[in-house]
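Go by the hints and put chains B, C and D onto chain A.
Residue numbers (the numbering used here), protein chains in the order written: chain A, 1 to 179; chain B, 1001 to 1489; chain C, 2001 to 2122; chain D, 3001 to 3147.
Take every hint as true, because none was put in to throw you off.
If you want the footprint, here are the derived chain D segments under chain B, 3+ residues with CB under 8 Å: (1) 3074-3086; (2) 3096-3109.
Computed cross-link-like contacts, DSS-like style, restricted to lysine-lysine with a CA-CA straight-line distance of at most 30 Å: (3) A:Lys121 with D:Lys3111; (4) C:Lys2056 with A:Lys129; (5) D:Lys3111 with A:Lys130; (6) B:Lys1029 with B:Lys1104; (7) C:Lys2056 with A:Lys130; (8) C:Lys2120 with B:Lys1104; (9) A:Lys129 with D:Lys3111; (10) B:Lys1456 with B:Lys1104; (11) C:Lys2056 with A:Lys121; (12) B:Lys1456 with B:Lys1029.
Simulated from the structure, these hints should not be mistaken for lab results. These numbers come from a predicted model, not from an experiment. A virtual CB, placed ideally from N, CA and C, is assigned to each residue, including glycine.
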Amino acid sequence: MMLFDDYLLLALVIVTALGAVFVRDLFSGVLTLAAYSFFLALLWAGLGAVDVAFTEAVVGAGLSTLFFLVALFLTSHQEEIRKQFKVQMMALGSLGILGFLLLFGSVDLPVVGDPESLPSKHVSSHYLKKSLEETDTPNVVTAVLADYRGFDTLGETTVIFTAGIACWMLLRRSDDSAT
Amino acid sequence: MTSSLPGFLFAIPFFAAVVIPVVGFTNQKFCRPIALGALVSLSIVSVIGLSEVVSHGPLSHEFGGWAPPIGIEWVVDGLSGLLMVAISIVSLITLVHAGPLVEKELPGRVIPFYSLSLLLVAALGGMVLTGDLFNLFVFLEIGSLASYVLVGVAGGRSLHSAFRYLILGTIGASLYLLGVGYFYAETGTLNMADLAQRLPEVIDSRAVLTGLLFIVLGLAIKMGLFPLHGWLPDAYTYAPNSCTPLLTSVVTKVPLYAFVRIAFWVFGMTTVSTQIPILVVLGWVGAVAAIVGAYLAIWQESFKRMLAYSSVSSMGLFMLGFSLGTETGFAGGLFYVLADTLMKATLFGVAGAAFYQCGASTVTDLVRLRENMPWVSSALLISALSMVGIPPTAGFFGKWHLVVGALEAEKYFAVAAILVSSMLTALYFFRMFQRVWAETLPLVDPHVLETPFPIKMSLGVLTFGLIALGLGSDLVMGLIFESAIPKGF
Amino acid sequence: MADIVLYRPHFVAFIILFLLGIYIMVVSLNLIKKLIGMYLMQTSIILFFITLAVKKDSTIPIILSSTTAVTPEAYANPLPHVLMLTAIVVGVSTLGVSLAMVIALYRQYNTLEEDQILGKMQ
Amino acid sequence: MIRPHDSVIVHTLARVFIPIIQLFALYVLIHGHDSPGGGFQAGTLFAASFILPVIAFGIQGSLTVLERRAVILGGIGILLFAGIGLVPLLLGEEFLNYGELPIPGMEASAKRHLGILGIEIGVTIAVAATAVSIYYSLRERGEGEGN
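Next comes chain A alone, as it looks inside the complex (with noise of 0.2 Å):
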C-alpha cells in the first residue's frame, strides 16, 4: 500500500488544506476545502475504506460545502484584512507541546500496513470470520455498524437528530405557533 500515489495524495491533501486556510476569499477557501475533501475521499479509497469514502465524498465533500457555501451566502464573503498580522505565542507554544506529545507517542504506534498489530487482530477478526455467519450480511461494515455495534450508530443518527433541533431552535423565531 505505500505506493507512490499515496505520497501524491498526501502532498494534494495537505496543498489544498493550507489553501483553504489562507484563501482570503471565504468562499475559494470553502470550495478548496471541497477539492481537500474529494482527495481525502481517494486516500481512503485507496487505503481500503471504501464506506468511509463513499461518505467523506457525499457527507464531507457535499452536505458540509452546501452547509457552508449556505451560510457565506447569508453572511459576508470576504475575510477582513489586518494590517499587522499577530503570531500568537500562547497558541504556537501549546501548538509545539501538543506536536511533541504526538510525535513523542509516533514512536510505539504499530507500523502502518503491518497486519499483526493488535488493532488488527483481537475483536476485528472476529467480526471479519463471524460476520457472514452470524449476521448474513457479506459487507463486514455494514454489519460491524448496523448490528455489532448498532448502538453506536443509534447515537450517531441521534446526534444528526440532535442538530436538527438544535438548528430549528437557533434559527427559526418567527414560525413556532403550532398550538
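Just chains B, C and D, lined up with the frame of chain A:
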C-alpha cells in the same frame, strides 16, 4: 449480572426526547407532561437500579445481544448508579423549575427546549453508564451539541459565549477521540473492562502515555478544569436562566466522572499514581484551581458569574479529592460531587428566580429578594451555608471527608487548599449577604410577581435535599464505601 | 525524526493537519475560518484512524464467498472504518450547529470578525 | 442572498438529475449489505435530491408547514430505528437484538439481516429529513423578512 434495566435507562429519556417534537407538532401543551413524566420514571428506574446494585452487585446490558469486546455494554455499578440517580433526580427538579421561566424567556421555542433537555439527560446517562470508550464519545457529542445550543439560545452575548464553548468543546472532544485511537492502536479493543485487562502488558508504551494525556486534556476542557476553563464563566453567565440550573449542576460533572472511570477503573490506582503519575499533577492543579476560582469569584459583580467561578473552584476540589490516593479522599470527593450538584442547581435556580421576578442579576440587586421572596432567599441562605461548609448541610460533610482524606494521605498542601478556598468562599458569600441584609432597601417594587408554584416547590425540594443529604451523609458514605470505591487503595 | 517522515507519511500528514486545524480554530478571528480549521482537525483524526485499519496486500472488507474460511489478514480492518463513519456524521452535525450559530451572530452583529463582534457588544 | 438560477442548463440538468439521484440513493440503501454504502450515504443522497430543486428553482411562495418541520420526519425515522430495537427489550432481551425479533420461522442470522435493513431505512429517513431541515433552517432569514 445481565439485566434489561440499563436498556430502559437509555430508552426512557431517549424516546421522550424524540417523541416530544413529533407530538408537540400537533399540540405544544403535551411537551411538558411528557418530559416530566419521562424524568419521573427515569428517576424511579435509576433508584431501583441502584438498590439492585447494592443488593446483587453490578448490572450489565449487552446492546444487540453481543458480549462485551464484540458489542457495546452498559454497566450500572455503585459509582455509575449513584451518579445516574443524581442526574435523573436533579434534572427532574430543574425542569420543574424551568417551566415558568422557559415560557417567558424562550417563547415559541418550548418544544425544542424540552427535546434538547431530554436529549442532554439521555446523553449524560449514556456517558455515565457506558462501558465502551467510543460509545462514550458519541454520547459526549450528543450532550455537547445540546448544551451548546441551550447556552446560546438567548442570542447576543449568550450566542457568542456558546460559539466559544463550541470551539473549545470540539477541541476537547477531538483530543478525547484521538486518545481513544491511541488506546485502540495499542490494545485492539474499545471496551473498558477488556482494556483494563490488556493495558498492563503495554503500559510502558509511549503511545499509551500519550493517549492518556490526550484523554485527560480533552476531558479537562469539557469539565472546565482550571486553567482550561476559558469557556465556562461566559457560558454560565449569559446562558438563559431556564437552562442554567440543568447545565451547571450536571454537565461538567459527567466528564469528570468519565475521567475517574478511565483513571481508576481502566488504568487502576497503582498505575495512575506510580507508573504514569498523573494524579500528582492533577492534585496540584486541583489545589490551584480551588483557590484561584474562589479568589476570582470574590471580584465578580454579576451573581451568575460569581457562581461560575465558584464552579471552577469546586471542580478543583473534586479533582483534589480524587487525586489524594486514599479511600476517604475518593469517597469525600464523590460525596462533594453529589452535594455540589444540588448546591449549583439551587444557586442557579435562585439566580433564575431572582431575575424572573425582579430583574436582579448583580450581587447588589439581590437586596430585592429580602422583602418579597422569602422562599427564594431562604434557599439562597441555606445553599450558601452549604457552599461555605457549615453543618448540618451537605457541603460541610463533603469538605469534612475531603480534609480527613487529605490528612490520611499526609498531603498538607491539600488541607491548606481546601481550607483557604472555603475561607474565600465564605468571604464572597458574606459580602453578598452583607449587601442583601445590611444595606437599606433602595425602593421596594410593589409590582414584584408572586413566585410561581413550580419554582417555589423545586427550590424547596432542593434545599431540603441539601439538608437531608447532610444529615444522611453516613448512609450515603456507607453506600460509597461499600460499592463505589475502585480497587487498589 | 527522519524515520517518522520516511516510514509514516500518513502520520506526518495527520500531525500537520491536526495542528493546522487547532491553530486556525484558536487564532483566527474570522468565524468561518475557525470552522474551516475545525473541519481540518476532525478530518485529520479520521486519517489517523483509517491508517490503523490498513493491512498490507489486503482488500476491502466485503466477504463474497461464503464457502471458504475467512482469513482476517486478507481484508482491511472494518472497525476503524465504522468508528470513522460515526465521526464524519458527528463532524457534519457539529458543523451544521456551528454554522447556525454563525448565521445567528451575523444577523445580530452584521459581521463575521470576532473582534468586531466583541467591540459591538460593549 | 440565494436566488433561483435562471439558466436553462441548470434547470434542465436539475430535472434530469433529481430522479437519477433518488434512484441511486435507493440502490445504495438496498445494496448496503453487500456493497459500500448504507443508511447514511443514502440519506444524504436523498437530502441532496430535495435540496437541488430548491437551489435550482428557488422556493415557490413560503415554506409549507411540513418543510418547516422536516425535523419531525427525522424523529419518525429515529423512532423506526429505535422501535425495532425496543421490541426485543420489551420482550426481555437486549435493546437492538434483532436476532430475537418475534418473526416466526426465521433463523437468527436472517432476522439480523432483516433488522439491519430495517434500521438502515430508519437511518435513511432520519438523515435525509434532518439534513433537509438543517438546510431550510440555515437558509431561512430572520423574522419578518420572509423569502
